[in-house]
Amino acid sequence: MPAKVKNMLSGIVAKMAMRRQVNQLPGETSISDSINILIKYKINGLLVIDDGGKPVGVLSKTDIMGAYYAGLPIDLPLADIMSQPPLYCYPETFLEEALETMRDKAVYRLYVVDPQYQTVVGALAYPDIVGLLYRYCRDCEYSHHQQRNHRIKETMERIQVKAIMARGVKSVQVEDSLSQVMEQLSMYRFGAILVQGKDEAPVGVISKTDLVLAYKHGMDPGAPAAAIMSSPVQCCGGGELLEDAIRRMIFSDIHRLFVHGESSDSFVGVFSLSDAARSRSGSCHACISSRIRMDA
Amino acid sequence: MKITAKDIMSTQFHTLTSHMGVHQAVKLFKQASRAEGRKVFGMMVIDDSGGLAGILSMYDILLFMRPKHIHIWGMIDDIDIVGLVEQASEKTKSVLVGDIMTPDVITVTPDTHKLMILDIMIKKHVRRLPVVDNGKIQGIVYISDLFYDVLDRFMD
Chain A
1 MPAKVKNMLS GIVAKMAMRR QVNQLPGETS ISDSINILIK YKINGLLVID DGGKPVGVLS
61 KTDIMGAYYA GLPIDLPLAD IMSQPPLYCY PETFLEEALE TMRDKAVYRL YVVDPQYQTV
121 VGALAYPDIV GLLYRYCRDC EYSHHQQRNH RIKETMERIQ VKAIMARGVK SVQVEDSLSQ
181 VMEQLSMYRF GAILVQGKDE APVGVISKTD LVLAYKHGMD PGAPAAAIMS SPVQCCGGGE
241 LLEDAIRRMI FSDIHRLFVH GESSDSFVGV FSLSDAARSR SGSCHACISS RIRMDA
Chain B
1001 MKITAKDIMS TQFHTLTSHM GVHQAVKLFK QASRAEGRKV FGMMVIDDSG GLAGILSMYD
1061 ILLFMRPKHI HIWGMIDDID IVGLVEQASE KTKSVLVGDI MTPDVITVTP DTHKLMILDI
1121 MIKKHVRRLP VVDNGKIQGI VYISDLFYDV LDRFMD
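As they're listed, the protein sequences go chains A and B.
Each step along the first sequence adds one to the number in our numbering, with nothing skipped, and position 67 is 67.
Just add 1000 to the spot in the second sequence (first one is 1) and you have our numbering.
Read the hints as simulated data drawn from the structure, not as lab findings.
Please note that the accuracy of each hint is not assured.
What the hints assert, rightly or not - Calculated cross-link-like contacts (lysine-lysine; reagent style BS3-like; alpha-carbon spacing at most 25 Å):
(1) Lys1027/B - Lys42/A
(2) Lys40/A - Lys1039/B
(3) Lys42/A - Lys105/A
(4) Lys15/A - Lys54/A
(5) Lys1123/B - Lys1030/B
(6) Lys1124/B - Lys40/A
(7) Lys42/A - Lys1068/B
(8) Lys40/A - Lys1068/B
(9) Lys1093/B - Lys1027/B
(10) Lys1027/B - Lys40/A
(11) Lys54/A - Lys1002/B
(12) Lys1136/B - Lys1006/B
(13) Lys1002/B - Lys40/A
(14) Lys1006/B - Lys42/A
(15) Lys170/A - Lys198/A
(16) Lys1068/B - Lys15/A
(17) Lys105/A - Lys54/A
(18) Lys1039/B - Lys1006/B
(19) Lys105/A - Lys198/A
(20) Lys42/A - Lys1124/B
(21) Lys1124/B - Lys198/A
(22) Lys1091/B - Lys42/A
(23) Lys40/A - Lys1006/B
(24) Lys1091/B - Lys1136/B
(25) Lys1093/B - Lys1068/B
(26) Lys40/A - Lys1091/B
(27) Lys1039/B - Lys1002/B
(28) Lys42/A - Lys54/A
(29) Lys1006/B - Lys54/A
(30) Lys1002/B - Lys1123/B
What the hints assert, rightly or not - Over the 10 Å line for every Cβ pair with chain B, so calculated as not near, a few chain A residues:
(31) Val22
(32) Ile49
(33) Pro224
Given the structure is predicted, the values throughout are model-derived calculations rather than measurements.
Ideal Cβ placement from N, Cα and C applies to all residues, glycine included.
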């Protein structure tokens, strides 16, 4: 195991964080029908299988956005646009190792395969890892949700959003076309981008989900950003505790918060569930000891 | 004796269109329940030419509303449920019936035998089957229609 420093995820394996419900579709399913599954189950990707039920690829919202950008008909079979091959790990793979694979291969999920029967038994994505992390953090006696141990809590150093967030915010203008928005998203490999109105004031956000829905609704990619952006912008302060920001994201099904600086009218960074998973920590450094107690 | 789908299907049914917003569909569920005098749990969705595009059930809508990480809420007791439901409802505003309906629907023809329908309902876990003839919707068989037809001998 490559972990040099002990952290909250040390020793935790994939099966503890994975989601056991794996959404899979045959390759001949249309892009249009596959969007219904992605939207309904609030997932960013699904497994594509062949006639024999064997996994052959992965279809993500990024692939669908690419099809929209390229002007492909929405009734094409998803086998035409899926990414290959699916990437795997085992139920006993350490999360540390899984995270490393996800980072190296620049993917957002791994499928978990039973080593004996070679069948897919789960899916492991960043939000699932964060969910597990939050559970530990929440139950920790040093958590600021717990009422005991006041004195320890006050002296303990806590991690704030600004330490973990990705610095700098890219944005598009309300009148920019959806095609331009898609170009920006794929250039920077973002899941969402800020939309600015006049005077550079942020007025909304466009995510890949919004674009997938625009494709589904038959919207012209030349339409302006304003037509599909969601507002208001979900945001938090840089000084907010990591634990609180994570809590908001996992309870409200949002993937990222825009972080404002000292003056509250401009954004200085973005904090996403992927950042949270990579940070491998809750709000303080007491995690390891609390986890050992919970596992015992 | 009632033998095939056309004998037991309901011909009084309400439909949705795929371009309709989900919030409007919710209203129509209520209206249809009142008009048909039964609880309507699912409705057929028609396309622009009047053909069957899919089915939207309460289950589809609830699935969409369900927070994704609800499994980690078990031990958490200080959640603002009202706020969360409001947030989830807000999200349905940009979503249309066509986005979350089940598009790939099993159908039967007016001449499908009722025991075949029984078999399909059990194997596929569905409670309603649209009856389609040459692309035209003729009716819908509900599991209750089938239930009372097959078991009416126990009714007296």
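25 Å Cα cutoff - pair Lys40/A, Lys1091/B: OK: Lys40/A and Lys1091/B at ~12 Å, within 25 Å.
Pairwise hint evaluation, Lys1006/B against Lys40/A, where the allowed Cα distance is 25 Å at most: The given pair, whose Cα atoms are some 33 Å apart, is violated under the 25 Å limit.
Distance restraint between Lys15/A and Lys54/A, which requires alpha-carbon spacing of 25 Å or less: holds (21 Å)
10 Å cut-off, C-beta based - Ile49/A kept clear of every residue in chain B: For Ile49/A, whose nearest Cβ neighbour in chain B is about 15 Å away, the distance exceeds 10 Å, so it holds.
Satisfaction of hint between Lys1068/B and Lys40/A, Cα-Cα up to 25 Å: holds (10 Å)
Pair hint outcome, Lys1002/B versus Lys40/A [Cα-Cα no greater than 25 Å]: The hint is violated at about 38 Å.
Hint consistency between Lys42/A and Lys1068/B [alpha-carbon to alpha-carbon, up to 25 Å]: holds (7 Å)
Given pair status - Lys1124/B, Lys42/A, alpha carbons within 25 Å: Satisfied, since the Cα-Cα distance of roughly 24 Å is no more than 25 Å.
Given pair status - Lys40/A, Lys1124/B, alpha carbons within 25 Å: It holds: about 20 Å lies between the C-alpha atoms, which stays within 25 Å.
25 Å limit on alpha-carbon distance, applied to hinted pair Lys1136/B and Lys1006/B: With a Cα-Cα distance of about 13 Å, the restraint between Lys1136/B and Lys1006/B holds, given a limit of 25 Å.
Distance restraint between Lys105/A and Lys54/A, which requires alpha-carbon spacing of 25 Å or less: holds (22 Å)
Lys1093/B paired with Lys1068/B [C-alpha distance capped at 25 Å]: holds (18 Å)
When each numbered hint is compared with the structure, violations occur for hints 5, 11, 13, 14, 19, 21, 23, 24 and 29.
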